[in-house]
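One letter stands for each residue in the lines below.
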Amino acid sequence: MQTENENAKAWYQKWQKISSSKKHFPIKILHCLKIEGLFKNKFLTIPQLILGSEEFKSFETVIFIVHQKGMKSCSACIYENKTFTEFQVSTSLFNRVSKTIKKSKKNVFAQNDFKTKKIPIIGNTFAFTNSLSNYNTITFLTRNDFLPFSENDVESFSYLKTVFESLVTPIIKVQHINFNEKLLKEVINQFPTSINISTKSGDKHFYSNKSWNNKDAEVPIKGIYHLSSNKDLIFSTATENNEDLISDIHHFNRISLLGELLNTLKHELSNPLFGLKLYCDMLEADTGDIELKESLQDISFNVQRCNEIIEMFSKLYTDKNQLEVVSLKKIINESLTLAKSEIRFLKKNVLFHQSLNDDPILINTNPTWITQILFNLLINSAQAINNRTGKKSFDILITVEKNFDDSIIEITVDDAGPGIDPNILENLFKPFCTSKKSGTGLGLAICKNLSQKLSGNLIHLGAGTLGGSSFVLKLPINMEDNYECTNN
Amino acid sequence: MNVLIIEDEILIQKSLLKIIGAKGHSCIGTSLGKESIELIMNNEFDLIICDLMLRDTTGFDIIEATKVKLSPAEISQKFTIITAYCSEQVLERARGYGCRVFEKPFVDLMKTIDTMLYPNKIVEKKYEFEEKSTNCSQA
Numbered sequence: 324m325q326t327e328n329e330n331a332k333a334w335y336q337k338w339q340k341i342s343s344s345k346k347h348f349p350i351k352i353l354h355c356l357k358i359e360g361l362f363k364n365k366f367l368t369i370p371q372l373i374l375g376s377e378e379f380k381s382f383e384t385v386i387f388i389v390h391q392k393g394m395k396s397c398s399a400c401i402y403e404n405k406t407f408t409e410f411q412v413s414t415s416l417f418n419r420v421s422k423t424i425k426k427s428k429k430n431v432f433a434q435n436d437f438k439t440k441k442i443p444i445i446g447n448t449f450a451f452t453n454s455l456s457n458y459n460t461i462t463f464l465t466r467n468d469f470l471p472f473s474e475n476d477v478e479s480f481s482y483l484k485t486v487f488e489s490l491v492t493p494i495i496k497v498q499h500i501n502f503n504e505k506l507l508k509e510v511i512n513q514f515p516t517s518i519n520i521s522t523k524s525g526d527k528h529f530y531s532n533k534s535w536n537n538k539d540a541e542v543p544i545k546g547i548y549h550l551s552s553n554k555d556l557i558f559s560t561a562t563e564n565n566e567d568l569i570s571d572i573h574h575f576n577r578i579s580l581l582g583e584l585l586n587t588l589k590h591e592l593s594n595p596l597f598g599l600k601l602y603c604d605m606l607e608a609d610t611g612d613i614e615l616k617e618s619l620q621d622i623s624f625n626v627q628r629c630n631e632i633i634e635m636f637s638k639l640y641t642d643k644n645q646l647e648v649v650s651l652k653k654i655i656n657e658s659l660t661l662a663k664s665e666i667r668f669l670k671k672n673v674l675f676h677q678s679l680n681d682d683p684i685l686i687n688t689n690p691t692w693i694t695q696i697l698f699n700l701l702i703n704s705a706q707a708i709n710n711r712t713g714k715k716s717f718d719i720l721i722t723v724e725k726n727f728d729d730s731i732i733e734i735t736v737d738d739a740g741p742g743i744d745p746n747i748l749e750n751l752f753k754p755f756c757t758s759k760k761s762g763t764g765l766g767l768a769i770c771k772n773l774s775q776k777l778s779g780n781l782i783h784l785g786a787g788t789l790g791g792s793s794f795v796l797k798l799p800i801n802m803e804d805n806y807e808c809t810n811n
Numbered sequence: 053m054n055v056l057i058i059e060d061e062i063l064i065q066k067s068l069l070k071i072i073g074a075k076g077h078s079c080i081g082t083s084l085g086k087e088s089i090e091l092i093m094n095n096e097f098d099l100i101i102c103d104l105m106l107r108d109t110t111g112f113d114i115i116e117a118t119k120v121k122l123s124p125a126e127i128s129q130k131f132t133i134i135t136a137y138c139s140e141q142v143l144e145r146a147r148g149y150g151c152r153v154f155e156k157p158f159v160d161l162m163k164t165i166d167t168m169l170y171p172n173k174i175v176e177k178k179y180e181f182e183e184k185s186t187n188c189s190q191a
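The listed protein sequences correspond, in order, to chains F and G. In the numbering used here, each residue's number is its place in the first sequence (first place is 1) plus 323. In the numbering used here, each residue's number is its place in the second sequence (first place is 1) plus 52.
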């Protein structure tokens, strides 16, 4: 718990750092404009782009100021002699200079026109402003001398001014996506649990965070390029792949809690029961009265039964995965005993296929899990049948069959209830799907999970022979053979 | 043989008293820890069959309290623990005193009681068996 909190804290700090680094985004534009798409394999920045062109070869310095809307200060850079120098400009200065440029009808300015020393302009300069979606920019272009510009220069500059927006917008867009991608990757990487990201249009993308424990591992993020350019993203933590995990966690919690309770119960009850049985047997041995002897035998027998039931329950809630060869008939009987409180007033029957009538049906499996699945199905059926209709011959029918090559056994539980609500049919085996008012919606999810752990499967067959719901549990006769029980 | 049975489940206590008494031993039963300590202090017992979870104390507390009278060798020889909570910790602690532990409920009642009363007999039998098996392998 401790380390989890610390991890979350570290993640949060990192996230704050990333969010605050957003402010420096404009600087990054200046530095790392990768215009791969525009100029094959050439990495150029806007100042480089301008000075590199034929028209502006004779110019020496470009000053580029970017104001990101909503920011208090502006990022600026000066590019001369093939080197960049960064500096900051206040927004008020940016606005003032920008106003001066916009007011003027010409494009040429003198060093003193802007009445500031914070922008290091020398001599005469071209200047123009531009508005690009989230950014306002000012570009200065100068030869660092006081000579007037030629007509050719003015013409070229006018051209640059008109094409500037169409030239820079795609660059910023690409840069923006790169930046968002990095940000998103970072967030996903650092998020303490797996995240499911989907777009509002319904495209689903799942991103599992595998690097939480291994910081060097690269997160496999497909299609993040598409995602980072999409504003309408939905982030959620519960994902399809998480459902197994969630049901496992609940299963584990339930088992450990019930296991502990049953352990206490077992010990508290088995001691007095042991005393009862001991003394009963002794009295029985002592007495000559036949009627008393019989009564004492009954008491002793019932005590033994109590012990067996307690034993069964405590077995049901241990999470041991041990394979053993057991009789399926015995397992079914045990499940019926365990569910007795719910099914005692219902007409029930167990039908075995002809070939299995005299067969104990020995299978190599985990009997506890099968009992748990059958117990759950029986309880579900019993709760669904609120009132006995009396029309059907049985309320609950269990049928047991083997498949054609004797590798798989099929146990079908049919009931005469109202069947599964069609609205929940699609999510029937998903956790938290329930039609009961006080249900957790975990029963069938756990059963499905357990059946798969048994190399088997649990399938809903729709309306069965009794008209209600019908579930079939398919199990390999020998779990070690690893049969695949598919939907066929 | 003088036997003390400390067991708070009254039917188990009565049954043990009856069976062991029928075998010709003199035995006393108690369900209280305090009373059992007094009995041990004032009497000489050859065997003390002691339940672990009593209402007022535990079997290990009784052993601790009787240490003033009994030597560690006597404790390991006299005390036999019976318990329904046979966890690894319990076994570990019992091993520390050198006591034998029997888990309740007993599978074979008469055999268990015989083992309690005559622990050495079983060892002898085991020895005989081992000798027999070596003879077999030689043949």
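I should point out that these hints are in silico values taken from the structure, not numbers from a laboratory. Take these hints with a grain of salt, some might be off.
Unchecked claim - When the alpha-carbon atoms are kept at most 25 Å apart in a straight line, the in silico DMTMM-like pairs for lysine to aspartate or glutamate are as follows:
no., chain 1, residue 1, chain 2, residue 2
1, G, Lys70, F, Glu617
2, G, Lys66, G, Asp160
3, G, Lys75, F, Asp604
4, G, Lys163, F, Glu631
5, F, Lys589, G, Glu96
6, G, Lys70, G, Glu140
7, F, Lys440, F, Glu478
8, G, Lys66, F, Asp468
9, G, Lys66, F, Glu591
10, F, Lys589, G, Asp108
11, G, Lys66, F, Asp612
12, G, Lys66, F, Asp609
13, G, Lys163, F, Asp468
14, G, Lys75, F, Asp468
Structure-based check of all given hints:
1. Distance hint between G:Lys70 and F:Glu617 is fulfilled; the C-alpha atoms sit about 21 Å from each other, no more than 25 Å.
2. A distance of roughly 17 Å separates the Cα atoms of G:Lys66 and G:Asp160; the hinted pair therefore holds under the 25 Å criterion.
3. Only pairs whose Cα atoms come within 25 Å are accepted, and G:Lys75 paired with F:Asp604 is accepted, the gap being roughly 17 Å.
4. Restraint check for G:Lys163 and F:Glu631: the C-alpha separation of about 22 Å stays at or below 25 Å, so the hint holds.
5. At most 25 Å may separate the alpha-carbon atoms for a hinted pair to count; F:Lys589 and G:Glu96 exceed this at roughly 36 Å.
6. Simply put, G:Lys70 and G:Glu140 have alpha-carbon atoms about 31 Å apart, too far for the 25 Å limit, and the pair is violated.
7. Distance check on the hinted pair: F:Lys440 and F:Glu478 sit about 29 Å apart at the alpha-carbon level, beyond 25 Å; violated.
8. Our distance criterion of 25 Å between C-alpha atoms is broken by G:Lys66 and F:Asp468, whose separation comes to about 118 Å.
9. This hinted pair checks out: G:Lys66 and F:Glu591 have alpha carbons roughly 19 Å apart, not beyond 25 Å.
10. Using a Cα cut-off of 25 Å, the hinted pair F:Lys589 and G:Asp108 holds, with the two alpha carbons roughly 21 Å apart.
11. Note on G:Lys66 and F:Asp612: the hinted pairing holds, with a Cα-Cα distance of about 21 Å set against a maximum of 25 Å.
12. Distance hint between G:Lys66 and F:Asp609 is fulfilled; the C-alpha atoms sit about 14 Å from each other, no more than 25 Å.
13. For the proposed pair G:Lys163 and F:Asp468, the alpha carbon gap of about 115 Å is over 25 Å, so the pair is violated.
14. Between the alpha carbons of G:Lys75 and F:Asp468 the distance comes to roughly 125 Å, so the proposed pair goes past 25 Å and is violated.
The earlier numbered hints that this structure contradicts are 5, 6, 7, 8, 13, 14.
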